[in-house]
Amino acid sequence: MLVLGIDTSGKTASCALCTEDTVLAQNTFVTKLTHSQVIMPMCKKMLADAGKTLSDIDGFAAVSGPGSYTGLRIGIAAVKGLCFGLEKNCAGVSALMSLAYNFKGAIPVNSLICPVMHARQDLVYNALFRIENGKLIRETEDRITPVSQLIGELEGRSEYVYLTGDYAETIYTSEISEPANGRSKLCDYSHIFLAPPHLRAPLASSLCYAAMDMGFSAPDELNAEYLQITKAEKDLLNNA
Numbered sequence: 338m339l340v341l342g343i344d345t346s347g348k349t350a351s352c353a354l355c356t357e358d359t360v361l362a363q364n365t366f367v368t369k370l371t372h373s374q375v376i377m378p379m380c381k382k383m384l385a386d387a388g389k390t391l392s393d394i395d396g397f398a399a400v401s402g403p404g405s406y407t408g409l410r411i412g413i414a415a416v417k418g419l420c421f422g423l424e425k426n427c428a429g430v431s432a433l434m435s436l437a438y439n440f441k442g443a444i445p446v447n448s449l450i451c452p453v454m455h456a457r458q459d460l461v462y463n464a465l466f467r468i469e470n471g472k473l474i475r476e477t478e479d480r481i482t483p484v485s486q487l488i489g490e491l492e493g494r495s496e497y498v499y500l501t502g503d504y505a506e507t508i509y510t511s512e513i514s515e516p517a518n519g520r521s522k523l524c525d526y527s528h529i530f531l532a533p534p535h536l537r538a539p540l541a542s543s544l545c546y547a548a549m550d551m552g553f554s555a556p557d558e559l560n561a562e563y564l565q566i567t568k569a570e571k572d573l574l575n576n577a
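When you read off a place in the sequence shown, starting at 1, and then add 337, the result is the number in the numbering used here.
Keep in mind the hints are simulated off the structure, nothing from the lab.
Keep in mind that the hints are not guaranteed to be accurate.
Below, a list of computed lysine to aspartate or glutamate pairs in the EDC-like style, where the Cα atoms sit at most 20 Å apart [said to hold, decoys possible]:
#1 Lys348 to Glu562
#2 Lys522 to Asp550
#3 Lys441 to Asp550
#4 Lys425 to Asp395
#5 Lys441 to Asp479
#6 Lys441 to Glu478
#7 Lys417 to Asp395
#8 Lys522 to Glu492
#9 Lys522 to Glu512
#10 Lys389 to Asp358
#11 Lys441 to Glu357
Beta-carbon label-pair distances, calculated as ranges [as the list claims (entries may be wrong)]:
#12 Thr368 to Asn470: 34 to 40 Å
#13 Glu478 to Pro534: 23 to 29 Å
#14 Gly418 to Lys348: 19 to 25 Å
#15 Gly442 to Glu558: 25 to 31 Å
#16 Asp386 to Glu562: 29 to 35 Å
What you are looking at is a predicted structure, and each value in this text was computed from that prediction instead of being measured.
By construction, the Cβ of each residue, glycine as well, lies at the ideal position given by its N, Cα and C atoms.
Using the sequences and the accompanying hints, generate a full structural model.
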């Protein structure tokens with residue numbers, strides 16, 4: 338199966354072309370441009386470099402959230418447009434799950450993977466995953482959590498914990514409001530680790546493999562999962 342994945346959920350733009358056992362091509366970079374300006378040219382070049390065309394693709398994948406409202410809409414619209422035009426199916430994958438897929442086969446069994454993305458102020462998007470028998474298992478649903486609450490939760494875990502995502506380093510080095518046993522930061526705990534930069538970045542190849550495991554469906558089933566209400570929704574509530 339040949340899958341094209343697009344991740345426009347944050348500052349990093351990423352696209353990848355994958356089969357079940359090979360990453361054929363991947364293009365990932367941090368951009369100051371809007372994703373609508375860069376993502377389709379990135380995909381076009383990647384396909385050309387790999388010697389493939391859009392008609393060769395069996396399924397498409399997009400990050401469904403959480404993340405940047407505008408970025409999510411751009412990626413989802415691009416994938417849905419391609420699917421409707423080519424009569425193909427697609428998958429929407431959680432941004433947090435996609436980050437967790439960076440670790441498949443890379444950490445000890447039963448260790449926890451903790452993706453952390455900045456939401457606003459002192460809130461983060463977060464979920465916990467573990468790997469069992471070669472499969473990624475959810476321990477929590479995607480959630481929006483106060484930083485202090487997440488730090489307290491991770492302090493109390495007994496398993497190895499691997500932090501990933503755009504806010505992982507901030508969480509790892511933040512001062513703990515109520516230090517315990519002389520430990521004032523998460524980095525003082527021997528069971529908590531900060532993933533290296535290449536595993537903290539959103540990678541469309543991980544998105545592709547998550548989509549393959551989840552399965553594909555009709556493009557009209559692909560929708561954004563924000564976890565927060567949008568500005569438009571807030572305005573409607575305020576004007577009600």
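The hints, checked one at a time:
Proposed proximity of Lys348 and Glu562 is supported: the alpha carbons are some 18 Å apart, at most 20 Å. The straight-line distance between the Cα atoms of Lys522 and Asp550 is roughly 36 Å, outside the 20 Å bound, and the hint therefore fails. Restraint check: the Cα-Cα separation between Lys441 and Asp550 comes to about 12 Å, which is no more than 20 Å; the hinted pair holds. Restraint check: the Cα-Cα separation between Lys425 and Asp395 comes to about 7 Å, which is no more than 20 Å; the hinted pair holds.
Only pairs whose Cα atoms come within 20 Å are accepted, and Lys441 paired with Asp479 is accepted, the gap being roughly 19 Å. A distance of roughly 19 Å separates the Cα atoms of Lys441 and Glu478; the hinted pair therefore holds under the 20 Å criterion. For the proposed pair Lys417 and Asp395, the alpha carbon gap of about 14 Å is at most 20 Å, so the pair holds. A hinted pair counts as satisfied when its Cα atoms are at most 20 Å apart, and Lys522 with Glu492 qualifies at roughly 9 Å.
This hinted pair checks out: Lys522 and Glu512 have alpha carbons roughly 5 Å apart, not beyond 20 Å. Pair hint Lys389 plus Asp358 holds up; C-alpha atoms about 17 Å apart against a cutoff of 20 Å. The hinted pair formed by Lys441 and Glu357 meets the criterion: a straight-line CA distance of about 14 Å does not exceed 20 Å. Evaluation of the 34 to 40 Å hint for Thr368 and Asn470 yields a pass: the beta carbon distance comes to about 38 Å.
For the pair Glu478 and Pro534, the supplied restraint of 23 to 29 Å holds, since their beta-carbon distance comes to about 27 Å. A hinted range of 19 to 25 Å for the beta carbons of Gly418 and Lys348 is consistent with their spacing of about 23 Å. The supplied range of 25 to 31 Å is met by Gly442 and Glu558, whose beta-carbon atoms lie about 30 Å from each other. A C-beta distance of roughly 32 Å is found between Asp386 and Glu562, which places it inside the suggested range of 29 to 35 Å.
This entry does not satisfy hint 2, going by the numbered hints stated previously; all others are met.
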